[in-house]
Amino acid sequence: MAMISKEDVIDAIEEEREDRLDLLTEYWQAEMEEQPNKDLASHAYDAAKLLYERKAYQDVVDWLDAVGLQLEKSEGEESDAYVAYLEDDRLEELRMNALERSSLEEEGAEYDMDDEDEE
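Note that the sequence shown covers residues 9 to 127 in our numbering.
There may be inaccurate statements among the hints.
List of simulated lysine-lysine pairs, PhoX-like, C-alpha gap at most 25 Å [said to hold, decoys possible]:
#1 K63 to K81
#2 K14 to K46
#3 K57 to K46
Quick list of simulated restraints, FRET-style, between CB atoms [to be verified]:
#4 G84 to E113: 32 to 42 Å
#5 G84 to L112: 14 to 24 Å
#6 L112 to S87: 31 to 41 Å
#7 M40 to E15: 16 to 26 Å
#8 E86 to S13: 16 to 26 Å
#9 K46 to E100: 10 to 20 Å
Worth flagging that the hints you see were computed from the coordinates, not collected in a lab.
A virtual CB, placed ideally from N, CA and C, is assigned to each residue, including glycine.
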């Protein structure tokens, strides 16, 4: 299997490709293997930041939630890794900011659709 580069992930996000979150997950997992001393939450933050910086706010929320669910399944809800993931302040702040911005984008889209209906 070919190594997924950061540039591959960025391109997929910017092109809004269907496989962008899968590529991000593969990249994230490869980064964790290459830097095992860095904690899981820090790796997740760095990966989610790629989405956030490209204004893929709903993808940030979806991806962080999916990672959390996968961790809960694989490690258990009382595992150190899962608890550390849930309690990471940077991840929570990034998720909340993305959720807020995603909601604002949705409201803006609804507003735009209302304007089109009036024409």
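Hint by hint, here is what the structure shows:
Only pairs whose Cα atoms come within 25 Å are accepted, and K63 paired with K81 is rejected, the gap being roughly 29 Å. About 17 Å separates the Cα atoms of K14 and K46, which keeps this hinted pair within 25 Å; it holds. Between K57 and K46 the alpha-carbon distance is near 16 Å, which keeps this suggested pair within the 25 Å criterion. Checked against the given bound of 32 to 42 Å, the beta carbons of G84 and E113, roughly 35 Å apart, stay inside it.
Distance hint check: the CB atoms of G84 and L112 are about 36 Å apart, inconsistent with the given range 14 to 24 Å. Hint check: L112 to S87, Cβ distance near 35 Å, so the stated range 31 to 41 Å holds. In this structure the supplied range 16 to 26 Å holds for M40 paired with E15, their Cβ-Cβ distance being about 19 Å. Distance hint check for E86 and S13: the Cβ-Cβ separation is about 36 Å, which falls outside the suggested range of 16 to 26 Å.
Between K46 and E100 the beta carbons are some 19 Å apart, a value that agrees with the proposed interval 10 to 20 Å.
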